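Please build the complete structure, drawing on both the sequences and the hints.
2 protein chains.
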Amino acid sequence: MSYQILTIDTVKEYILNIDSIKNYLENGEITISEIGDGNLNFVYIVTNITNGKSLIVKQAVPYLRIAGEGFPLSRERMNYEIRALTFYSELVPHLVPKIYHADEDMSLIIMENLSEHIIMRKGLIDRVIYPHFSEHISTFLAQTLFYSSSLYLDSSQKRALIDRFNSNTELCKLTEDFVFTLAFMEDGTNDINPDLLAEAKELFSQNDFKKKLLKLKYIFMTQTDALLHGDLHTGSIMLNEEETYVIDPEFAFVGAFGFDIGALIANMINSYISHFYRSQDSEYQAWILDSIKEIYTKFEEKFLELWLQHPNSALLKEGFIAKNELDEFKKEFMQNIFSQSVGFAGAKIGRRVFGIAGVEDIRGIEDKHKRKEAELMALKIGKYLILNYESIMDVDDLIERIQGIN
Amino acid sequence: MSYQILTIDTVKEYILNIDSIKNYLENGEITISEIGDGNLNFVYIVTNITNGKSLIVKQAVPYLRIAGEGFPLSRERMNYEIRALTFYSELVPHLVPKIYHADEDMSLIIMENLSEHIIMRKGLIDRVIYPHFSEHISTFLAQTLFYSSSLYLDSSQKRALIDRFNSNTELCKLTEDFVFTLAFMEDGTNDINPDLLAEAKELFSQNDFKKKLLKLKYIFMTQTDALLHGDLHTGSIMLNEEETYVIDPEFAFVGAFGFDIGALIANMINSYISHFYRSQDSEYQAWILDSIKEIYTKFEEKFLELWLQHPNSALLKEGFIAKNELDEFKKEFMQNIFSQSVGFAGAKIGRRVFGIAGVEDIRGIEDKHKRKEAELMALKIGKYLILNYESIMDVDDLIERIQGIN
Numbered sequence: 003m004s005y006q007i008l009t010i011d012t013v014k015e016y017i018l019n020i021d022s023i024k025n026y027l028e029n030g031e032i033t034i035s036e037i038g039d040g041n042l043n044f045v046y047i048v049t050n051i052t053n054g055k056s057l058i059v060k061q062a063v064p065y066l067r068i069a070g071e072g073f074p075l076s077r078e079r080m081n082y083e084i085r086a087l088t089f090y091s092e093l094v095p096h097l098v099p100k101i102y103h104a105d106e107d108m109s110l111i112i113m114e115n116l117s118e119h120i121i122m123r124k125g126l127i128d129r130v131i132y133p134h135f136s137e138h139i140s141t142f143l144a145q146t147l148f149y150s151s152s153l154y155l156d157s158s159q160k161r162a163l164i165d166r167f168n169s170n171t172e173l174c175k176l177t178e179d180f181v182f183t184l185a186f187m188e189d190g191t192n193d194i195n196p197d198l199l200a201e202a203k204e205l206f207s208q209n210d211f212k213k214k215l216l217k218l219k220y221i222f223m224t225q226t227d228a229l230l231h232g233d234l235h236t237g238s239i240m241l242n243e244e245e246t247y248v249i250d251p252e253f254a255f256v257g258a259f260g261f262d263i264g265a266l267i268a269n270m271i272n273s274y275i276s277h278f279y280r281s282q283d284s285e286y287q288a289w290i291l292d293s294i295k296e297i298y299t300k301f302e303e304k305f306l307e308l309w310l311q312h313p314n315s316a317l318l319k320e321g322f323i324a325k326n327e328l329d330e331f332k333k334e335f336m337q338n339i340f341s342q343s344v345g346f347a348g349a350k351i352g353r354r355v356f357g358i359a360g361v362e363d364i365r366g367i368e369d370k371h372k373r374k375e376a377e378l379m380a381l382k383i384g385k386y387l388i389l390n391y392e393s394i395m396d397v398d399d400l401i402e403r404i405q406g407i408n
Numbered sequence: 003m004s005y006q007i008l009t010i011d012t013v014k015e016y017i018l019n020i021d022s023i024k025n026y027l028e029n030g031e032i033t034i035s036e037i038g039d040g041n042l043n044f045v046y047i048v049t050n051i052t053n054g055k056s057l058i059v060k061q062a063v064p065y066l067r068i069a070g071e072g073f074p075l076s077r078e079r080m081n082y083e084i085r086a087l088t089f090y091s092e093l094v095p096h097l098v099p100k101i102y103h104a105d106e107d108m109s110l111i112i113m114e115n116l117s118e119h120i121i122m123r124k125g126l127i128d129r130v131i132y133p134h135f136s137e138h139i140s141t142f143l144a145q146t147l148f149y150s151s152s153l154y155l156d157s158s159q160k161r162a163l164i165d166r167f168n169s170n171t172e173l174c175k176l177t178e179d180f181v182f183t184l185a186f187m188e189d190g191t192n193d194i195n196p197d198l199l200a201e202a203k204e205l206f207s208q209n210d211f212k213k214k215l216l217k218l219k220y221i222f223m224t225q226t227d228a229l230l231h232g233d234l235h236t237g238s239i240m241l242n243e244e245e246t247y248v249i250d251p252e253f254a255f256v257g258a259f260g261f262d263i264g265a266l267i268a269n270m271i272n273s274y275i276s277h278f279y280r281s282q283d284s285e286y287q288a289w290i291l292d293s294i295k296e297i298y299t300k301f302e303e304k305f306l307e308l309w310l311q312h313p314n315s316a317l318l319k320e321g322f323i324a325k326n327e328l329d330e331f332k333k334e335f336m337q338n339i340f341s342q343s344v345g346f347a348g349a350k351i352g353r354r355v356f357g358i359a360g361v362e363d364i365r366g367i368e369d370k371h372k373r374k375e376a377e378l379m380a381l382k383i384g385k386y387l388i389l390n391y392e393s394i395m396d397v398d399d400l401i402e403r404i405q406g407i408n
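Residue numbers (this note's numbering), protein chains in the order written: chain A, 3 to 408; chain B, 3 to 408.
Check each hint, because a few of them may be wrong.
Treat identical chains as interchangeable: a pair holds within one or across any two.
[As the list claims (entries may be wrong)] Only pairs whose alpha carbons sit at most 25 Å apart, straight line, appear in this in silico SDA-like list of lysine to any residue:
hint, residue 1, residue 2
1, LYS213, MET395
2, LYS213, SER315
3, LYS332, GLU392
4, LYS217, HIS312
5, LYS24, SER117
6, LYS14, MET3
Calculated directly from the structure, the hints in this document are not laboratory data. Predicted model, so just to flag it, every value in this text is computed and none were measured.
Here it is as structure tokens:
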């Protein structure tokens, strides 16, 4: 059907016209409620209160939902979310919500309602330990990055993949602007803690780390390693102690290997920082740092294991190079992924301090003085990682260096 | 009109149905002749023998022309040639043939007949000195690379450019296979001088340079810096002592900055090598090396000048970074372009020795012994550049090192 914006009154009629959805919900009394915390899109929960079955309807509108029609943003962003979720569903079905129906013309997707899971950021603020998270998310990263890369696909498959995501221009530009640029200079979009005006001014006048930031931005813009989620912070993960789900890949595009990994590490470091001022629970902080280590180590192991299983690809032809030198090549290749991940993590941490979008972990600290201290620490760590991303050796080194900054 | 393969008998009717072409040729007796040396496509010269006006009609067929219908190759390759030539025509109209008519449905282009120019490879074999070539080709490289990069375009323009070239899959794959892979391993497509079977076997068993070659191949496949010609050897340049024209950009795609530069340098080095065994004209060889130096130096100057003129782009926002650090960033950026160019040049030289496609400069040496010596020298230089591309400092250093190999 041609595009029309659904409302809480028209959602029901729309979805009950889709046979598969009707069959899934079965007969009973259907209620619709809107989830208010969607920034970009309209999100509804549809429940059959007779049998308890429910699902999520998410529709993109041609503007930023929280800002209104005065802030246009192409609704085609939903195409990329649908395409990425479809890709993930085939690869790691246990790590993404089930898709019941998707319609690019309507910029709409109907999917599993994760009613027993919470947004990870909230869980981290509440100091919940997730014993399987590292295992799950390292699988997600290894599988999605490897299978969408030139280390697995052949040349034409890779170019076809790029074709399907290349035009996600607006959302890529949001990252270029807000992650790599505006949060580090005087700009009207920034949201600076009034207690840190002097520190912001100082940061904006520093240039050594900006040279590195430009390098990272250039990599972000021009490197086409693999399909990225594009916004893999802890607000894009829903989980409980048993299960993990990655949601909201509307920023998906074919980009640099390290970007999703970096986003995740950054957001875990932000939580680590916040707990110096929230809970002072050093055991929980240790769990966060251990998780970062475990995630990266397992990601690397799983990625390399997949590479071993697939000796032919756009890049490699069996028999071209001997095992020893191939192993050396892989080692350098993985080192480069690690470095980039650290650099991207630095940009992601730094941009949360003075930029348009903060994180609840830190900006939500109620005590003004503590919030200020947490922001200063985030600034220090973010800048440090940007400056030193090419010389941090491995994840142990990374954690040691983070622990050394306070 | 829908696609049909033209023949020498149907070309005339077809072109005279196009008003602009009819107007250009004017009344008179029209003759058609086929140029036999097109490898991939059918090429006709159309001449009005009454007034001497002429033009070129080039049509792609869905197979490799020289190999026949048994070797399918999608005729859509002509789309990319048309698109690249159109881009070049707007930017550097004096450095590409004038387009009179282009039709993607017919996989056909009608353009200026460069009747007073020869293929550069032939000129180099005949030791012609082209006093303006360095000036012209450095302009071509600087303008086409800069204006199609994220240093000039904004994010959406850049993604739109990628969109127009991303699906040139088949021709990119030819390069991936024949430039970076098959010429360096046992493969049925190779064309090895029977006098060098032992040397080929030895090369195929070496692995140190292959690790570097994989790095270069990966850059080729995944880096989207700028619109490349994609096959800028001396057979893709027509010139005389006054004018230079770049032709045949059917391999065009958005790729790594260094690839066109590397291709050009490689083919000039091949000519330099050939003259040890063809003419022993050391003055001409010195002109070739001087030209490489001049091309690279001028390219860099012109590229940096354009960058200075355009302080805002997808990458840069004025005010983000101070001049000093920006200059340092640019310096490292240009160093990286140079390194890649050298690496790609090495791959391009190396692949001509045992691979499917040799160069006339060297394979055309009639004396078997001399040809063998020339091939060995090309092998040595190619491998050296692949191995050392990251540590060669600048173009002076490059030339010194080449002179040191014999």
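Status of each hint after checking the structure:
1. LYS213 x MET395: both (21 Å within a copy, 21 Å between copies)
2. LYS213 x SER315: between (35 Å within a copy, 16 Å between copies)
3. LYS332 x GLU392: Intra 17 Å, inter 18 Å, cutoff 25 Å: intra and inter.
4. LYS217 x HIS312: between (31 Å within a copy, 18 Å between copies)
5. LYS24 x SER117: within (20 Å within a copy, 71 Å between copies)
6. LYS14 x MET3: Result: close within a single copy only, 15 Å intra versus 48 Å inter.
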